[in-house]
Amino acid sequence: MTILENKAIQISIKNLKDKLRHWQYMFFSLLLPIMFTLMFYFMFGHEEDPTGRTGFDYGFPGMIMYAIGMGTMNAAIMFAQDKSSGMLNRLDTMPTGRKNMFLGALISESLFLMLQIVIMFIVGYAILGLYYEGPLELFFGFLIAVLFGISAVGLGIIIASISKNVEVANAFSLLVFMLLIFLSGSMMPFESPIVYFTPPYWAKQIFLQLTVLGHGLNDNLFNSSLIGAGAETIPITLFGGLLIVVTYTIVFIILGIIVFQKKTKF
Amino acid sequence: MSKLNDYIIIEIKELKKYFKEVKAVDGVSLKIKKGELFSILGPNGAGKTTLVRMLTTVLTPTAGDAFVNGYSILTGKKEIVKKIGVCPQDIIIYDVLRAEENVEFVAAMHDMPRKEAKEKTKKLLEDFGIAGRKDWSKRFSGGMQRRLNLVMSLVFEPEILFLDEPTAGLDPQARRLVWDFIRDLKNKESTIILMTHDMVEADSLSDRVAIIDHGKIIAEGTPTELKEKYGSDNILEVSFLEQEDLEVVKNNIQNIPFVANWSEIQKKDRKTLLIAFQGGLKNLVKLLQQGLIENIEEVENIKFRQNSLEDVFLNLTGRRLRD
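Chains as they are written, first to last, in our numbering: chain A, -17 to 248; chain B, 122 to 444.
Because the hints were derived from the structure by calculation, they are not lab data.
Be a bit skeptical, because a hint or two may be false.
Unchecked claim - With a Cα cut of at most 27 Å, we get these calculated DSS-like pairs of lysine-lysine: (1) B:Lys137 to A:Lys(-1); (2) B:Lys204 to A:Lys245; (3) A:Lys146 to B:Lys144; (4) A:Lys244 to B:Lys204; (5) B:Lys243 to A:Lys(-4); (6) A:Lys(-1) to A:Lys81; (7) A:Lys(-4) to B:Lys199; (8) A:Lys146 to B:Lys137; (9) A:Lys(-1) to B:Lys236; (10) A:Lys(-4) to A:Lys245; (11) A:Lys146 to B:Lys241; (12) B:Lys144 to B:Lys337; (13) B:Lys137 to A:Lys244.
Produce the complete structure using the sequences and hints provided.
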């Protein structure tokens, strides 16, 4: 327990209780994505292509990234709330340690986003019967989604740290989140090279090609090229895309730690 | 005061905190002994909270330094926060957590064993009348939230306790409860630093008081010392039924050395004598014995206004604490 101290776990338990008891968080992070999923399913879920897959089979990975991205906002709002209520200052007068505060937030948000993904999987694959290649591919897709989610949490903590209050954090995170989701082409196709600069694009694309297009794991992971914004392949493999998602995650987490340390100290 | 020893647990050296043009704390130097209940008394905006925020390592000073239990607030944060408990002026609680969840969370942050934390939490919540509440703390009354705010700073029995206006907004009964608790803590050798603008609170609880105004300490000492040095005279106001009685008293008090002066006023249809005298309650008893009781049969009304820390502040600054 040198890195993951008991205090970080206690903070994460407290955060989860806090989250689960706020209906606003539950609505925006769980119910709203489900509502969108159902809406898109009824709009695009019935026209099959020659392979037997519907438009929504292809669109659902983007929907998952959207649901996870909502976590960015929630992490930012929760953190900003603790900051403006003075709770961060109060914690600062205890032997809590900033590392534990950050880790605690990261653990709770990561656990919550896993719950989000599981619920989205249940709604999409178990209830609506959307297409997926196999359980192994789906599990790998789950891991990609979690990885992207952690980067989103890092981004959320950065936004909260630089926001003066909850209202600013709310507006700023919504702006960043919506921009990233739309510019990444996660919700609807966006044929522009801008997509390559957004983390959700890479996460969605790997998820899509693994679980729906069946580009598989094994050798294909290193040989299959990703499909770019113009529906043509790009010279980056699935594994290359995975490295980009990992890099984004590491960068956001490190930046999160630095900005959190600097911007919450008076 | 017998239990106080000479170990200086907090030493503040020329501490300053400026917010742009505003000098919130402007060169404060103080020494606080172990086991002492030290009050910092001043009006709102005098710099009390800024001072406590620096001493508790939340705020970095512009200049100067302070040593808490031997550790500098500039470099010893890690060690200092292990020993201190802070009850902030604002109510800072997790509003969707229950009372015991809030308190046990703080205990966990101080590495208290789970069982001990639960027992201590239960006891404190009972003592402060919050036990049995199973709803979220956002549904508590303001007074209950404030008591919970205080309990959160007490659960781990800190060696040094900073209380920033702990009784603000409490009803008289709850205020008395908190005062009794503070006295109990004092008997357990805790060092308590009380920030307050309530002169009665400072007067009745403190071993020593520092008066702060515009970020500077303007006086320091025991409440008695301060009142003797900077305070006003005590005033005894006596109304008589008969003018002759008033004259008798006037004659009697002329020879009492601690009587500073007197004046005669008309209150409604009664002749009233205002007697200003120095010293404490002992002198009040002497005055009543020598000046009144031995000679006067009937007194219509009697009032006593004791020299207070409010007078000290007024005499030092020309303003009242509430201004």
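Hint check results:
1. For the given pair, lysine 137 (chain B) sits about 40 Å from lysine -1 (chain A) by alpha-carbon distance, which is inconsistent with the 27 Å threshold.
2. Distance restraint check for lysine 204 (chain B) and lysine 245 (chain A): the Cα-Cα separation of roughly 26 Å lies within the 27 Å cut-off, and the hinted pair is therefore satisfied.
3. For a cut-off of 27 Å, the pair hint linking lysine 146 (chain A) to lysine 144 (chain B) stands: about 23 Å separates their Cα positions.
4. For the suggested pair lysine 244 (chain A) and lysine 204 (chain B), the alpha carbons sit about 25 Å apart, so the restraint of at most 27 Å is met.
5. For the hint linking lysine 243 (chain B) to lysine -4 (chain A), the alpha-carbon distance of about 19 Å falls within 27 Å, and the restraint holds.
6. At roughly 20 Å between alpha-carbon atoms, lysine -1 (chain A) and lysine 81 (chain A) fall within 27 Å of each other, so this suggested pair holds.
7. Between lysine -4 (chain A) and lysine 199 (chain B) the alpha-carbon distance is near 23 Å, which keeps this suggested pair within the 27 Å criterion.
8. In summary, the hint linking lysine 146 (chain A) to lysine 137 (chain B) is supported, as the alpha carbons are separated by about 25 Å, within the 27 Å threshold.
9. About 21 Å separates the Cα atoms of lysine -1 (chain A) and lysine 236 (chain B), which keeps this hinted pair within 27 Å; it holds.
10. In summary, the hint linking lysine -4 (chain A) to lysine 245 (chain A) is supported, as the alpha carbons are separated by about 23 Å, within the 27 Å threshold.
11. For the suggested pair lysine 146 (chain A) and lysine 241 (chain B), the alpha carbons sit about 36 Å apart, so the restraint of at most 27 Å is broken.
12. Restraint check: the Cα-Cα separation between lysine 144 (chain B) and lysine 337 (chain B) comes to about 9 Å, which is no more than 27 Å; the hinted pair holds.
13. Pair hint lysine 137 (chain B) plus lysine 244 (chain A) holds up; C-alpha atoms about 22 Å apart against a cutoff of 27 Å.
Hint check: violations occur at hints 1 and 11; the rest are consistent with the structure.
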